[in-house]
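Those sequence lines, one after another, are chains A and U.
Throughout, the working numbering is defined as the position within the first sequence, counted from one, plus 23.
Throughout, the working numbering is defined as the position within the second sequence, counted from one, plus 23.
Heads up, a few of these hints could be off.
If chains are identical, the list can't say which one is meant, so a pair holds when it fits in one copy or spans any two.
Below, a list of computed lysine to aspartate or glutamate pairs in the DMTMM-like style, where the Cα atoms sit at most 20 Å apart [said to hold, decoys possible]:
no., residue 1, residue 2
1, K156, E94
2, K331, D348
3, K199, E90
4, K331, D349
5, K314, D348
6, K139, D293
7, K314, D302
8, K314, E82
9, K314, D349
10, K150, E122
11, K150, D181
For the record, the hints were derived by calculation from the structure and aren't laboratory data.
Computed from a predicted model, the values in this text were never measured in an experiment.
Number of protein chains: 2
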Amino acid sequence: MIYSVIMAGGIGSRFWPQSREARPKQFIRVFGERSLIQQTLSRMTSIVPPERTMVVTHERYVALATEQLPEIPEKNILGEPISRNTAPCIAYAAIKLLEIDPDAVMVVLPSDHLIKAEDRFIKILHKAVDMAKNSGALVTIGIQPSYPATGYGYIQYDRSAHESNGIYPVRTFAEKPNEATAERFLDSGDFLWNSGIFIWRADSILSNLQLYLRSTWAAFQDAYARLGTDQEADAIRQAYHKSARISIDVGVMERASNVYVVPGNFGWSDIGDWRAVYDLSEKNRHGNVLKGNVIIHNSSRCLVNSGKRLIAIVGLHDTVVVDTDDALLICHQNSTQQVKNVVDYLHVHQHKDFV
Amino acid sequence: MIYSVIMAGGIGSRFWPQSREARPKQFIRVFGERSLIQQTLSRMTSIVPPERTMVVTHERYVALATEQLPEIPEKNILGEPISRNTAPCIAYAAIKLLEIDPDAVMVVLPSDHLIKAEDRFIKILHKAVDMAKNSGALVTIGIQPSYPATGYGYIQYDRSAHESNGIYPVRTFAEKPNEATAERFLDSGDFLWNSGIFIWRADSILSNLQLYLRSTWAAFQDAYARLGTDQEADAIRQAYHKSARISIDVGVMERASNVYVVPGNFGWSDIGDWRAVYDLSEKNRHGNVLKGNVIIHNSSRCLVNSGKRLIAIVGLHDTVVVDTDDALLICHQNSTQQVKNVVDYLHVHQHKDFV
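Using the sequences plus the hints, can you model the full thing?
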């Protein structure tokens, strides 16, 4: 059977002040009436029902996930005792799935991305699932790059050697490049953006963890033996503490031999910062994106999210304004990546109320 | 005796949202710990005590003026039933003063201006008072222009014909000029900025009102006869309704023959908008002026007034941010004159809570 595993451990500090530690990006309504994690669940329902969906998040967000995703059985919402990047998260979901279904195929998805063309996405996912189920391969979905982005990881694939049905062997995974390298990647035609979406059998990813991240594998192997006992929570806690803090990309995908990619084009974005929200939003004729009680005069290309208060904008251009009850952000469109620095500053200076 | 007449009828819509109809510019703390009207009173104390100070303001601000200026006897705070520009305001103060002192000399001052070099100002005022007391002339104070401002009225004076002690005959009063005219004014060396500060005997200004604004004079002449009776309030109301809406500059000064100016240089500003506040404020090394709970990152030449909330500014330049409990302004430094348009819009669209 096919299962979704929605990874929801991030804190989304680039979306401050709307996103806070108490309510990270995936749980807020960045677009439309539903939160990003609700949209992620919803777009999967044609291929995987909520009963076969797992959510892995930090313990402190389990209540929030349970509240926002009432369709998902509570036992499917897994709390991580500590944040250890994606490798332990995936190991945890894999042993839970293996326990209930030895043939489980996992579709691992970030909880906070946007996909505009959902039908196209589902078609590609079907291909990937077929490949993973039948071959035991590790399959990922790569995005056809539309510009030389420096904010994404890349996947180099072997265009000459495609299997049936538009699936290709992966050559390498590359970290976020600098501008010159990103240009080179784009020009080569061999590189795709790493979407962070993975498809594999639970037993396949565990075998690969055994080969390439042995201590993490061993830690979760111990926990696997104690699933369903009163020692389960303790066992998971120990497994997390024994695991290295490493992503599945670096820990497994870069090293494994049986790795494939399905290139796709379905309006994907990881919505990395407020600028991405602006770029993806519908604009008025002055290029403004306005939400709430806003008066705007001689201004263009602004994203303004008003909270409860009236906001008047005069002679302003290329600016992001996000207002909440207790904190306000005003940021140039070209500086939205630096919002993270503000959150870091607030942390260091013990402004705990605001992070 | 010398009396101050502080004119405090403005609504200061360019200082929205800190200034509102309920608390206009002169009653807010634009600089430092005291409101502008408190600073105006204070700088006059070495020449005129509070007991000889009159405040003329709209009826609705009498309570606010009484609260902010407890040193001034309540009977000296005069409420205008309707706003009719400065000519009726000055006629009202003149008849009140004439009633108590037939030799009263009035120093008429706007309530919402800034003067940095107060000692220099007081010296100039003494000259003007001497001239007005002894000659019956209408005397005004002109500011040596430091740039070709288009936001001020100008006074052309006769530099060749000065009386004793740096006092000159006025040739003309000119309205706010366009840029080319302002350049010409500055180059000529004959023009001063109109500070709106006037010095004259109460009987002199009334004689001139009789000559040049006869209906206003007649209306207040009627009221004068009823001062101190139970008809006083009614009489003043009638006088205002019978008076034309006109400034003393246009109504009298431009036409009168006995008009003199004392040029001065004492760090004067009418603080016409937020940009002026920025220009006059002490800046940090990035040119920012910050008040309240503000975090600023890679930003310069910003004026930020935080209310109760935290404001984070990232990658922003040349911007004014003014936050209050219910409304927030974000405005480019070059657009601060347009803040008035926002207030007009709020009026037209019946957003009465915000004006």
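Hints, one by one, checked against the model:
no.	hint	verdict
1	K156 - E94	neither (26 Å within a copy, 88 Å between copies)
2	K331 - D348	both (7 Å within a copy, 10 Å between copies)
3	K199 - E90	neither (35 Å within a copy, 62 Å between copies)
4	K331 - D349	both (11 Å within a copy, 8 Å between copies)
5	K314 - D348	both (15 Å within a copy, 19 Å between copies)
6	K139 - D293	within (12 Å within a copy, 54 Å between copies)
7	K314 - D302	within (15 Å within a copy, 33 Å between copies)
8	K314 - E82	neither (32 Å within a copy, 39 Å between copies)
9	K314 - D349	both (18 Å within a copy, 16 Å between copies)
10	K150 - E122	neither (25 Å within a copy, 98 Å between copies)
11	K150 - D181	within (18 Å within a copy, 91 Å between copies)
Comparing the model with each numbered hint stated earlier shows that hints 1, 3, 8, 10 do not hold.
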